[in-house]
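The residues making up each chain are set out below.
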Amino acid sequence: MDLAQLIDLYRGPLLGLIASWGVPWADAMEIAQDSLAEAYLSRKFCRGDWERPEVFGRWLRGVARNQHRNWVRSCRRRRDRIVTVEPAVLEHVAVPPDPEPSVPMEKLRRAIDRLPTKQRQVILMHYLEETSVKEVATLLSTSPKTVEGRLYQARRALRRMLDDKVSDTQIGKRLLCL
Amino acid sequence: MSVKLVPEEDLRAALRPHRADVNEFEAGIRARIKAGTKARKHQDSEEQLPLLRVAAAVLPWPLIAGDKVAGGTPTLASVTLAQKLLGYVALPAISLFCLAGAALFSAAKIHGIQKDNRPDIANEEEMRDAVRQWWSRYKWVAWLVFAAVLILPIIGSTWLLFLLLLISFGSLLCVLSGFAKLGVGNRLMIGQSCMTGMVLLGQAMMNPYAGKRDIHFVDQRLITVVLFIGTLILVPFVVSSKKRLGIPGPRFAGRRHWIWGLTFVSIVVPIIMWFTNQIWWPATPSRIKGYVESFPEGPFPSITWRDWEIAASWTIEEGLDPDLSRARRLLADEIDHRTSGSQFPRVLGSAFRVGLVRTDQIDQLAAIEANRQFVAFEAIRQSLIPKASSRQPYPITSLNQQAWVIYALNQSGQLSPEDRDFLERRLLATLDKPVHETGDMLETALRVTQLLDVINRPIDRDQYRERVHQWLRRFHSKKTHFYQIAGGFEQYEGLSSSLQVTSYAVELMEIYGIPDDLDLNWVRSYVRPLYWRPSNDKWIAAVTLDRLNALPGVTQPTWLEKLYYERSLMAAMVLVSLCIYATLSSPNPTIDPSSNHNTADSDVS
Chain A
889 MDLAQLIDLY RGPLLGLIAS WGVPWADAME IAQDSLAEAY LSRKFCRGDW ERPEVFGRWL
949 RGVARNQHRN WVRSCRRRRD RIVTVEPAVL EHVAVPPDPE PSVPMEKLRR AIDRLPTKQR
1009 QVILMHYLEE TSVKEVATLL STSPKTVEGR LYQARRALRR MLDDKVSDTQ IGKRLLCL
Chain B
8 MSVKLVPEED LRAALRPHRA DVNEFEAGIR ARIKAGTKAR KHQDSEEQLP LLRVAAAVLP
68 WPLIAGDKVA GGTPTLASVT LAQKLLGYVA LPAISLFCLA GAALFSAAKI HGIQKDNRPD
128 IANEEEMRDA VRQWWSRYKW VAWLVFAAVL ILPIIGSTWL LFLLLLISFG SLLCVLSGFA
188 KLGVGNRLMI GQSCMTGMVL LGQAMMNPYA GKRDIHFVDQ RLITVVLFIG TLILVPFVVS
248 SKKRLGIPGP RFAGRRHWIW GLTFVSIVVP IIMWFTNQIW WPATPSRIKG YVESFPEGPF
308 PSITWRDWEI AASWTIEEGL DPDLSRARRL LADEIDHRTS GSQFPRVLGS AFRVGLVRTD
368 QIDQLAAIEA NRQFVAFEAI RQSLIPKASS RQPYPITSLN QQAWVIYALN QSGQLSPEDR
428 DFLERRLLAT LDKPVHETGD MLETALRVTQ LLDVINRPID RDQYRERVHQ WLRRFHSKKT
488 HFYQIAGGFE QYEGLSSSLQ VTSYAVELME IYGIPDDLDL NWVRSYVRPL YWRPSNDKWI
548 AAVTLDRLNA LPGVTQPTWL EKLYYERSLM AAMVLVSLCI YATLSSPNPT IDPSSNHNTA
608 DSDVS
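In order, the protein sequences belong to chains A and B.
Per this note's numbering, the very first residue in the first sequence carries number 889; after that it's consecutive.
Per this note's numbering, the very first residue in the second sequence carries number 8; after that it's consecutive.
Here chain B stands alone, though its shape is the one from the complex:
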């Protein structure tokens, strides 16, 4: 039996009036794509920051962007579950909310525990037994916390350190409630436990890897400082509690309690002073000027002059009017004796850029015999500007070695307009066809720009802006190499960042502007004041940070950003406050004279 079906032709005919006009349909799509492409340009950064996309999906845009960005809420379609979870933890608002919530919860919990805390053991032996009992009960938890304290700072991520500090809140509550249950929750025991915990955490935070993988505006050693200050605050309470407990025996007799306290203070205070020396002895303009004027000589003249040049240029630009007589004297010695050999051209380059070389010294330089490598003025001149018949605008392969000759020729008026035009072509060719595009590009770009200004052939900034921005993006690194801080610029692609190159990068940004997708907070983090930097790096970092903050169109970090990036420091402060609160709210141990046994006050402070 055949089954009757509706003819296909009838179906087509019935639906024909609803068919779309092919051209109109396509035109509509193309118009939408055109409009959509423009709107999406600003969303490109979202793709690189999945955590930000999570934030944007959860929080309203105005809260994140401060009413600076318009647009709809992004979707989480292409973000994995792990990224979502991590994103929620890493969210600025949620992290800070977690911290505030944990602080309030811990404070309330401490208050609740202390209300029922009636420590009835004040005998030293009984206390030890009670602690042993506590240890046997919480042994595995304590080992896990110790392991976390040792391992998490080595990994170094800020959110892990933050997590560790939040775990410490829980540890404090665990110790407090455990001791209260066992009847040893007096001020001495709680204070000692808090001190031990803070010293342990403080030492863990001294790990060289801690806090180097993320953005921070202050030295993360300040976490150690905060924790150690907490221990210092607790010292008098612990010592007075020991004295008050008054357990007989030579060990606790007389002033020995205070000797213990003073010994602890004498160890901790120098550490605190050392870690906070960037606060007590910051790189102020007058100190930077002092460094420039004193010109400390190092074993390698080219490095000394290179570092000195960065700070000296800044003091001159800032109008601090430094006295450069010492630098002039050292330069004169270099020219007279040429003590630095092959480093001599780099020294001269730095000296010319700062404006130290006099015209009579140029004559002296020109008279240097031609057979000396790197120093032969005439030979370099011939290689830079050959005779008109054989002029080809090849790139200059060793610009740093030869730049001083261009400065000298310009200063002594030996450059004709034709020479300047030819040099301009060669300098631009150096940018257009770099010999090693994987290294030294930022310094080369800066030197070429400066030299073109010197020969009165300024570079077309609009033409080269995008290329320089590409190099800035390419050489910017968010990775840590060994003990280095993330966020600086690399001299060679893939290798460690360099403070000098970071300084050159910031100078390039002064000239060419800031690349759109470069987060300057990373650079701020790289040049932040630290308790210690090798050699002259402290001054270079300070100068670079000042230049960075003065870049045209630069935005300063908001208070929310500052709080978020320093959340570990905030957590340490909260932890110290909780430890102090827990100690001070614990009953003070006293001697019961009638029974000749020690008991504790039942009143809660």
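One chain only, chain A, in its complex shape:
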């Protein structure tokens, strides 16, 4: 497997995975690039045959998690400093706006953000670039059936959120609070 194939295979799900950890999309892009480059450079340290997708997927996820931790630390450090940035720079790094922002789409995005982590993960990984369930499962080191199950639950939860319906679980939680 060469580098171009690796990038094609993991670009979408990796970006979705990192975004599901609560990273803004622009930073998620940087972290994804760093992670893929780092995983490729240090592939000889990978235990097992790195050319096997399940082995490299597990390796890549570990590298991405470390990169994410570094990013969180650097955010904490940056929070303590006063940084002056030119407005032009901010405009450059900002996420490009949706050319035709529509109310239902915005509502759906907010609903995705409110999903439980595991469901949000599979939604972002699967639908961002139409990655197959099998590849998502490879990167998460889980079975395709599990991924399919989470996707189903996520879509059902999203529908309920969009219809402003309360799920059974939420009803149970509210009752417990009473």
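A couple of the hints might just be wrong.
Stated by the list, open to error - Each pair of labels, with its calculated beta carbon distance range:
1) D1001(A) to A42(B): 26 to 36 Å
2) R144(B) to R957(A): 36 to 46 Å
3) T1030(A) to K41(B): 27 to 37 Å
4) E15(B) to R957(A): 15 to 25 Å
5) T1034(A) to G177(B): 52 to 62 Å
6) T203(B) to N958(A): 29 to 39 Å
7) T1034(A) to D523(B): 40 to 50 Å
8) R474(B) to R966(A): 42 to 52 Å
9) T565(B) to K1006(A): 46 to 56 Å
10) N958(A) to K41(B): 53 to 63 Å
Said to hold, decoys possible - No farther apart than 27 Å at their CA atoms in a straight line, the calculated lysine-lysine pairs in the DSS-like style are these:
11) K1006(A) to K1022(A)
12) K1006(A) to K1033(A)
13) K1006(A) to K995(A)
14) K11(B) to K1022(A)
15) K116(B) to K11(B)
16) K11(B) to K995(A)
17) K932(A) to K485(B)
18) K188(B) to K122(B)
19) K486(B) to K569(B)
20) K146(B) to K188(B)
21) K485(B) to K394(B)
22) K146(B) to K116(B)
23) K485(B) to K569(B)
24) K569(B) to K1033(A)
25) K1006(A) to K116(B)
26) K41(B) to K932(A)
27) K250(B) to K122(B)
Claimed, not checked - Chain A regions said to be covered by chain B (calculated; three or more residues, Cβ under 8 Å):
28) 891–899
29) 999–1013
30) 1016–1026
31) 1043–1052
No lab work stands behind these hints, which were simulated from the structure alone.
Cβ atoms here follow ideal geometry from the backbone N, Cα and C, with glycine treated the same way.
Fit chain B to the supplied structure of chain A, relying on the hints for placement.
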């Protein structure tokens, strides 16, 4: 009842603005990989040294590398748990810290034990009973220590020897506290026990395998010497304690105590002198010059000349101006009588390289009849430089046998420019297409380089540097073969290292530079001064070590490295100090005149 789900198309549309630009994403990764590849080149050695990776992960880089390396802390992801644990033990800083900590702890413990030590038994029989009691209590521990003393030096790893010496600290404390509890912790008993322990350890360290698997800058027999010196220091105290105890009986009467002491000293001192002869009689430049001038003849002329040539070349390079008249005389005898038969060409090769052969002797050599194998000047000349019509630049298969003819032809001015060009091609072909790539490559590379210089066609060093470095890496050995020290260069791949080949390797490093990933401390360790080396090896080792330390760009070992690699010796010194402290701080036994029984002083020295 059907379950309502969000349409997949809506989800795709919602996430579409966040998709990455394919080309930009790939370009970003490729740029990172390009930058990362350069940064990682210097980290390749980490992969080969998992213990170093552990060290690097635990200690800050500047402490390890002396501010010479920049970069982040390596991770331990690919290092196994066993490697991590071993790494912590083997860490220079931690090992030395352990040693210092153990020394301080032991000293404090001895001080604490001696404060409450009130030996009330001074009768010989009672002492024996008390020792028997101690033995029955600590029998299994003592057997384990004896087993460790016998087995660990045979394995030979330095960290095991170091461990053994640290165990000895514990044994000393165990003996001291045990004797104190039983009331026999007087100077005589403690001193005798310490002496016995040090003699036992010293003998164990004389094992031929001890300290040969790792890097050391001094002979590991010095551990035995340190331990034996410790026993010598304790002898007068033990003897005087015996005398002071004054147990009646012919065995201890009069001067017999001192006879025992003198007998012990007369056995131990020669051993110490023998093991330290590299200190009293080192290979100084004047002694090396003396060896070169005396030219001791051996049974095999080619070996004698080969060894002599290494030292003789060094004395000439160093400007010591040795008197080579004896060597010239022996060479003249060889040429007149050709006493060494098939070894004659090798002798001539050595003589030419040192510059012993005169032009009139070349005429004499050329007149040797053609039917003699290896010595037929004209036949070798024809094989080396055939007629112009049939010239093919084949590799020279027996360069060592034929090199002398090239020297002779050059010195007598018989080589035309065409001949030189052809010889250059043949010599380079010898390097490019070696006949046996698994053996003799280092000597061949050195001889080809030297011969090309002689015929005024110097080798392109930049072109051949990487190849020579590969051979240096390939033939460098960190393994011990039987009783050999690790760290030298092998003549044949996988076989034992050779001091001569190590000398050739260092000469190659003078010409082609030091390979990046070759740890010169291994080579230093291989040629370190030893109490004994066979035949002329002492001089070759000294010359090679001097050349090695004078290599361009070579770095000398730091004090931390020296301390770390000699940690067993340090541990032995600490052990001896503790034994002396324990003995001297023990109360001295005296006779109580009122009760006619022996008691001990209660004052602590």
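For each hint, the structure was consulted:
Restraint check, D1001(A) to A42(B): a C-beta distance of roughly 34 Å satisfies the suggested window 26 to 36 Å. Checking the proposed 36 to 46 Å range against R144(B) and R957(A) shows it is violated: the Cβ atoms sit about 55 Å from each other. Distance hint check: the CB atoms of T1030(A) and K41(B) are about 34 Å apart, consistent with the given range 27 to 37 Å. The given range of 15 to 25 Å is broken by E15(B) and R957(A), whose C-beta atoms sit roughly 33 Å from each other.
Between T1034(A) and G177(B) the CB atoms are about 55 Å apart, so this pair conforms to the stated range of 52 to 62 Å. Remark: the range hint 29 to 39 Å for T203(B) to N958(A) is contradicted by a beta-carbon distance near 59 Å. For T1034(A) and D523(B), the Cβ-Cβ distance of about 49 Å falls inside the hinted range of 40 to 50 Å, so the restraint holds. One distance hint, 42 to 52 Å for the beta-carbon pair R474(B) and R966(A), holds here, with the actual separation near 51 Å.
Checked against the hint of 46 to 56 Å, the C-beta distance between T565(B) and K1006(A) comes to roughly 53 Å, which is consistent with it. Restraint check, N958(A) to K41(B): a C-beta distance of roughly 21 Å breaks the suggested window 53 to 63 Å. With a CA separation close to 16 Å, the supplied pair K1006(A) and K1022(A) stays within the 27 Å bound. About 14 Å separates the Cα atoms of K1006(A) and K1033(A), which keeps this hinted pair within 27 Å; it holds.
Proposed proximity of K1006(A) and K995(A) is supported: the alpha carbons are some 20 Å apart, at most 27 Å. Of the pairs offered as hints, the one joining K11(B) and K1022(A) holds, with about 24 Å between alpha carbons and a cut-off of 27 Å not exceeded. Distance restraint check for K116(B) and K11(B): the Cα-Cα separation of roughly 78 Å exceeds the 27 Å cut-off, and the hinted pair is therefore not satisfied. Among the hinted pairs, K11(B) with K995(A) is consistent with the structure: their alpha-carbon atoms are about 17 Å apart, no more than 27 Å.
Our distance criterion of 27 Å between C-alpha atoms is met by K932(A) and K485(B), whose separation comes to about 25 Å. Of the supplied pair hints, the one linking K188(B) and K122(B) holds, its CA atoms being roughly 12 Å apart against a limit of 27 Å. Taken as a hint, the K486(B) and K569(B) pair is honoured in the structure, with Cα atoms around 21 Å apart against an allowance of 27 Å. For the given pair, K146(B) sits about 16 Å from K188(B) by alpha-carbon distance, which is consistent with the 27 Å threshold.
Distance hint between K485(B) and K394(B) is unfulfilled; the C-alpha atoms sit about 47 Å from each other, more than 27 Å. Straight-line distance between C-alpha atoms of K146(B) and K116(B) comes to about 22 Å, which keeps the hinted pair within the 27 Å bound. With a C-alpha separation of about 19 Å, the suggested pairing of K485(B) with K569(B) holds against the 27 Å cut-off. Simply put, K569(B) and K1033(A) have alpha-carbon atoms about 60 Å apart, too far for the 27 Å limit, and the pair is violated.
Annotation: proposed proximity of K1006(A) to K116(B) is violated, straight-line Cα distance about 59 Å (limit 27 Å). For a cut-off of 27 Å, the pair hint linking K41(B) to K932(A) stands: about 17 Å separates their Cα positions. At roughly 25 Å between alpha-carbon atoms, K250(B) and K122(B) fall within 27 Å of each other, so this suggested pair holds. Counting residues of the segment 891–899 of chain A whose CB lies closer than 8 Å to any CB of chain B gives 4, which reaches the minimum of 3, so the coverage claim holds.
Here's how the segment 999–1013 of chain A fares: 3 of its residues keep a CB closer than 8 Å to some CB of chain B, so the rule of at least three is met and the hint holds. With 3 residues carrying a beta carbon less than 8 Å from a beta carbon of chain B, the segment 1016–1026 of chain A meets the three-residue requirement, and the given coverage holds. Counting residues of the segment 1043–1052 of chain A whose beta carbon lies closer than 8 Å to any beta carbon of chain B gives 6, which reaches the threshold of three, so the coverage claim holds.
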